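Those protein sequence lines, which keep their order, are chains R and S. According to this note's numbering, the first sequence is numbered sequentially starting from 7. According to this note's numbering, the second sequence is numbered sequentially starting from 7.
Any given hint could turn out to be false.
No copy labels: a pair is met if it fits in one copy or bridges any two.
In the PhoX-like style, the derived pairs of lysine-lysine whose C-alpha atoms are separated by at most 25 Å in a straight line are [said to hold, decoys possible]:
1. Lys268 to Lys247
2. Lys230 to Lys220
3. Lys84 to Lys220
4. Lys41 to Lys84
5. Lys220 to Lys268
6. Lys41 to Lys214
7. Lys214 to Lys268
8. Lys247 to Lys220
9. Lys41 to Lys60
Hints were generated in silico from the structure; no laboratory data involved. Source: prediction; values computed, not measured.
There are 2 protein chains.
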Amino acid sequence: MGKWRRSERVAVMTKYLLERPNTLVSLNHFAAVFKAAKSSISEDISIMRDVFQKLGLGRIETQAGAGGGLIYHPHVGKQEALAFIDELVHRMADPGRILPGGFLYLTDIIFDARVAQKVGEIFAQRFLELDPQYVVTIETKGIPLALMTARALNRPLVVIRDASRVTEGSAVSLNYVTGSSRQIRAMSLPRRALPMESRVIIIDDFMKAGGTAKGMVDLLSEFKASVLGIGVLVDTGVPEKKLVSGYYSLLRLVEVNEQEKKVVIIPNN
Amino acid sequence: MGKWRRSERVAVMTKYLLERPNTLVSLNHFAAVFKAAKSSISEDISIMRDVFQKLGLGRIETQAGAGGGLIYHPHVGKQEALAFIDELVHRMADPGRILPGGFLYLTDIIFDARVAQKVGEIFAQRFLELDPQYVVTIETKGIPLALMTARALNRPLVVIRDASRVTEGSAVSLNYVTGSSRQIRAMSLPRRALPMESRVIIIDDFMKAGGTAKGMVDLLSEFKASVLGIGVLVDTGVPEKKLVSGYYSLLRLVEVNEQEKKVVIIPNN
Numbered sequence: 007m008g009k010w011r012r013s014e015r016v017a018v019m020t021k022y023l024l025e026r027p028n029t030l031v032s033l034n035h036f037a038a039v040f041k042a043a044k045s046s047i048s049e050d051i052s053i054m055r056d057v058f059q060k061l062g063l064g065r066i067e068t069q070a071g072a073g074g075g076l077i078y079h080p081h082v083g084k085q086e087a088l089a090f091i092d093e094l095v096h097r098m099a100d101p102g103r104i105l106p107g108g109f110l111y112l113t114d115i116i117f118d119a120r121v122a123q124k125v126g127e128i129f130a131q132r133f134l135e136l137d138p139q140y141v142v143t144i145e146t147k148g149i150p151l152a153l154m155t156a157r158a159l160n161r162p163l164v165v166i167r168d169a170s171r172v173t174e175g176s177a178v179s180l181n182y183v184t185g186s187s188r189q190i191r192a193m194s195l196p197r198r199a200l201p202m203e204s205r206v207i208i209i210d211d212f213m214k215a216g217g218t219a220k221g222m223v224d225l226l227s228e229f230k231a232s233v234l235g236i237g238v239l240v241d242t243g244v245p246e247k248k249l250v251s252g253y254y255s256l257l258r259l260v261e262v263n264e265q266e267k268k269v270v271i272i273p274n275n
Numbered sequence: 007m008g009k010w011r012r013s014e015r016v017a018v019m020t021k022y023l024l025e026r027p028n029t030l031v032s033l034n035h036f037a038a039v040f041k042a043a044k045s046s047i048s049e050d051i052s053i054m055r056d057v058f059q060k061l062g063l064g065r066i067e068t069q070a071g072a073g074g075g076l077i078y079h080p081h082v083g084k085q086e087a088l089a090f091i092d093e094l095v096h097r098m099a100d101p102g103r104i105l106p107g108g109f110l111y112l113t114d115i116i117f118d119a120r121v122a123q124k125v126g127e128i129f130a131q132r133f134l135e136l137d138p139q140y141v142v143t144i145e146t147k148g149i150p151l152a153l154m155t156a157r158a159l160n161r162p163l164v165v166i167r168d169a170s171r172v173t174e175g176s177a178v179s180l181n182y183v184t185g186s187s188r189q190i191r192a193m194s195l196p197r198r199a200l201p202m203e204s205r206v207i208i209i210d211d212f213m214k215a216g217g218t219a220k221g222m223v224d225l226l227s228e229f230k231a232s233v234l235g236i237g238v239l240v241d242t243g244v245p246e247k248k249l250v251s252g253y254y255s256l257l258r259l260v261e262v263n264e265q266e267k268k269v270v271i272i273p274n275n
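Work out the full structure: start from the sequences and follow the hints.
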């Protein structure tokens, strides 16, 4: 294949890193692929690192030493995050989304892969330093956001089910009371899905009173897990007091007025 | 910011494209970002296109003319796909995965974001030419694979639920009989989730007799949708005849022998 140009190496390395967030990649790997000196590869990486930093595209961390290499962390800059959240506000505040009973239809947005990826990167950035081992969610609508958070953190996703399944083996189940509608529901987590005493974060799409989140925390305590943080896409202004504390939310749904066809949703700071 | 080096531009453009699969990106956009002549940007793009092609990293298509630009299509080369599927076979054939009743625990693999992304890219590649407008799945375990397929195709994901929800408005529901265990179940799709007469593909994790897939096809016919293709990660050798035909499957589960602690799973060609 002959000698590689720097721009060719940079294109290939950028793709390789982006597909492996939060993963240590050795310099030797690239040196072997390109049959290049480690010093050339190092210089390529400085270029990538600097331009990513300058434009707020992500953080490329280099680790020195024999086991050295580089790690890419997705990074959503402050301006970019604000613009992204504003765009979500704009989409979500569409009165056409109001459903009978004063509910707001958000499913299409939550299942939009590009939205989910960005939300996941924002959550990952927030919780990276806590060094979670697993990302936990509950079916169904939390899954896209949690999957993309798990992708950005390079950690396994664990999905709590609403009933135990024969295809998942023995499970720990819990009945819980939803915080807002006071209904009794069940949630279940297969024993083999999560080792005891794991460090986890919880990701979900929506929090009203926090009954589901509290149920998840309770269920996780049966696994002696440490819940390091909770991230939700949208919470509600009412009730003000939730059943869990210290969670992180990107958006707040203040009001859905069915009569006046008005939705008030704001960024959460 | 001064003049950009080619390798800097290539790093930034590679990231931008990878985050927007199957999306037309205009050359003018990059020319403006880098304050560079379109001819320089064109040359950057040729370098990226050629090296991606040479290494089987994806297809960068350029479109000439006023509305011109470029489109990135993820591409999993034949060798890479075979190696990836072999790795899945290896992971799935672990006898430790056998559950009581002869079921095989695959949840952790399906919820592995990196696996889901690669499977999604393989499905996207397979179905791209059919030009689907929507990717459809059914909760729960199909979601990661379908989301990543939708990401690679840049199409919305539509998730059929197992019951209708107040947060999703009026829905079309259907009772169906699972093909293998002959149980009656329900599935439901909100009216607003899918416009009438859409062109769709169906993605799911597993197919035994195909009862669920047939149910999805039937439900989609209520929306007058054209089902262009069906992709599943794993199908089973038995029953040989499925309730739907012409689906595409990556792996075949031939046997789970609880007594002998043996799993036979093979790539599907």
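Q. Which hint numbers does the structure go against, in order from smallest to largest?
A. 3, 5 and 6
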